[in-house]
Each structure stands twice: as structure tokens, then as C-alpha cells.
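*Asks:* One rule links them: number in my numbering = place in the sequence shown (from 1) + 7.
A couple of the hints might just be wrong.
What the hints assert, rightly or not - Label pairs and their calculated CB-CB ranges:
1) V77 - H42: 18 to 26 Å
2) V47 - K72: 19 to 27 Å
3) V77 - V47: 22 to 30 Å
4) V9 - V78: 41 to 49 Å
5) T43 - Y14: 32 to 40 Å
6) T10 - V54: 23 to 31 Å
7) Y14 - V77: 38 to 46 Å
8) T55 - R34: 17 to 25 Å
9) L33 - Q69: 42 to 50 Å
Derived by calculation from the structure, the hints in this document are not laboratory data. A virtual CB, placed ideally from N, CA and C, is assigned to each residue, including glycine.
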Amino acid sequence: MVTLLVYILVTVAFLFWLSQLIDLLLRDEQHFESHTHRLVWFLVVFVTHIIGAVWYFVWKRQAAKAQEDVVS
8 MVTLLVYILV
18 TVAFLFWLSQ
28 LIDLLLRDEQ
38 HFESHTHRLV
48 WFLVVFVTHI
58 IGAVWYFVWK
68 RQAAKAQEDV
78 VS
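Using the sequences provided together with the hints, build the complete structure.
*Replies:* What follows is the structure, encoded as C-alpha cells:
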């Protein structure tokens, strides 16, 4: 039972990591300060796995909120 739960958690974590990596690669260049900024985020997410994916997710949400505040 515990083993099944671990497999499920690992699978969910992997899918989250993969979704954030794909989002990073498909996101427009305008969301980043420069091409180097995108490369650094790629390396962070790719090397640090789930921690980097969570960090990128939080950064993405904060950047979207900051952009919303500027527009309104």
C-alpha cells in the first residue's frame, strides 16, 4: 500500500516537473528579460527537478500578477 502511494506521488511529481519544463520551453520570449533568462530557468528546472519546477511555478505566477497590476 505504501509502495503504491510512493509510486503515485513520484508519478505526479514527475508530471508536474515535465509540465513546467514544457511550459518554459513553449512560453513566449516576451515573458523573460532575455534569452539568457530563459536558459537560466531551463537549467534551474532541469537540474534541480521538482524544487526548480516549484520555484519556476511560483515565479511565473508572481510575474503574471505583477504584469496584471501594471496593466490595471
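*Asks:* A separate judgement is required for each hint: does it hold in the structure or not?
*Replies:* Status of the hints after comparison with the structure:
no. : hint                  : in the structure
1   : V77 - H42: 18 to 26 Å : holds, 22 Å
2   : V47 - K72: 19 to 27 Å : holds, 21 Å
3   : V77 - V47: 22 to 30 Å : holds, 23 Å
4   : V9 - V78: 41 to 49 Å  : holds, 48 Å
5   : T43 - Y14: 32 to 40 Å : holds, 38 Å
6   : T10 - V54: 23 to 31 Å : holds, 28 Å
7   : Y14 - V77: 38 to 46 Å : holds, 43 Å
8   : T55 - R34: 17 to 25 Å : holds, 18 Å
9   : L33 - Q69: 42 to 50 Å : violated, 20 Å
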